[in-house]
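Knowing the structure of chain A, use the given hints to seat chain B on it.
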Amino acid sequence: MGSADGDGNVPDGALLAALAEAVARWRFEEVASLREEGIARLGAQATSDAILVAAGFNGITRVADAIGIRLDARTAAASDAWRGQIGIDAFAPPEKWAAA
Amino acid sequence: MDYAAAQLPVARRIADAHGATLAAFAKPGAWWDAADRLRIVAETRRAADCALCDAKAEALSANAVPGEHRGDVELPPAAVDAIHGIRNDSGRLTRRWFDELIDMGLQPEAYVELVALTASSVIVDTFAQGVGLEPPPLPEPEAGAPSFERSEDVADAGAWLPLAAEGRANILRSLGLVPSALELFFDAFGNSYYMHADAEFAIGRRQVELVASRVSAVNECFY
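Protein chains in written order, with my numbering: chain A, 1 to 100; chain B, 1 to 223.
This is chain B alone, in the form it adopts within the complex:
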């Protein structure tokens, strides 16, 4: 990815990682083909200007505001609802909300991949805009069918979905039902925290933790 016009210096490894994430969006996935994966990313961007989401965010309960998101008609309505909820009101998502998506026909594995795509695109787009650029253009989709990959090496850890059976922390296990989704997300996230032994930042550890904590609080994330 080209950060040459950014208002701040961006290390080559960051540009390479974010470029790889964009390229991965355009490849066939486990439960979505490449065109649908790119539609999910595009819908995540479109959700930034969703009036219904704004109204839901202002209400005490998101369920108090009826209506349908005007999303990409090529995506299932449950997928559009999921994208908007994850992008715009993640702190108030509930098991009941998730169950309704599944009842609408969204397969759990497809949901996991959608979560990875949505959250990965949030990382890449937020950083690009943070350093003064527009969200990067999306590549053309590659041909091919989904692999319908599903891990059997999972366990119930009290989450809405089974997590990877092994892992140092629940967040690292969270997308384990679909290993390629887990890989996609943590390849995008990996440079944003101490995920690698050689991770270095030009701010100190306590400053990194302060930034992380502040973002978690803004997003009303308990984890």
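For reference, chain A alone in the conformation it holds in the complex:
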């Protein structure tokens, strides 16, 4: 089950968040350790799928940032109330789109 340690109350969230971060930062010695913990707690296929999702988002975030896309209007409207609160807006400063 989830806990109150920043895992969003998602089942095994702390482990998944740690695994996702290690994969995204390409810290593969840490990944190897977390992989073993994942096999024990989540199962081998679930651990594999978590790494698959993390690998995919390690690529798609680069596409989003390298093309300079804007947030979709519908998503922006739906998330307007909390984006600033959790710090996401800091990743989209005005200079990201400012021409020289």
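Source of the hints: derived by calculation from the structure; they are not laboratory data.
From the three backbone atoms N, C-alpha and C, an ideal C-beta is built for every residue, glycine too.
Please note: incorrect hints may appear among the correct ones.
What the hints assert, rightly or not - Covered stretches of chain A (in silico footprint by chain B; criterion: 3 or more residues with CB under 8 Å from a CB of chain B, positions within the stretch not fixed):
id, region
1, 9 to 15
2, 25 to 37
3, 44 to 51
4, 66 to 73
Said to hold, decoys possible - One-sided and incomplete, this derived list gives chain B residues near chain A with beta-carbon spacing under 10 Å:
id, residue
5, Y111
6, I123
7, S174
8, R206
Structure of chain B alone, referenced to chain A:
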């Protein structure tokens, strides 16, 4: 692609998709020939050990650290800069950085294809290493000239480049200037999220979203 030696089970469809991505790297593209496409992938791998990128990442501003990347001399310097920036500091890329690449002579369409190649190779290599393998060997390049394909069905959506005119979300439109680049990337990415109606994961939807959100935060991606 052969995942038989992986430390975790890998579904056949994943192996097939990643194998198809590797094979696609070795085919002539829209704005790069096969040899250059493979050089872009190889440079993406080489960028993992770039001391200049490490120094830039530590600095408050990447521009505060002068120097040139020691990349593949067969690639234009702008391409090497683009690869290193996308691979190692994507969260701090700016319109000004992009404009400088274009001013250095990199064509926008070639840039779009480079983005797709770099990001696709990040997916395949990250997953391979995540399940305990080395990045897979690259195939030999196929002969042939680039097609110089460019879509006219694009629109200004406030991004640095025109996006596909139609699409459910901007990310799905993002590489639309060069349709084969868009196809290359989303064929690599497609199994990593709910892109298909029959997508299934052995973790739940909220767990998938947590992993995706955590990676986005690590990469300082607002999208």
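(message) Output the indices of the hints that this structure fails to meet, ascending.
(response) Hints that this structure does not satisfy do not exist here, as all of them hold.
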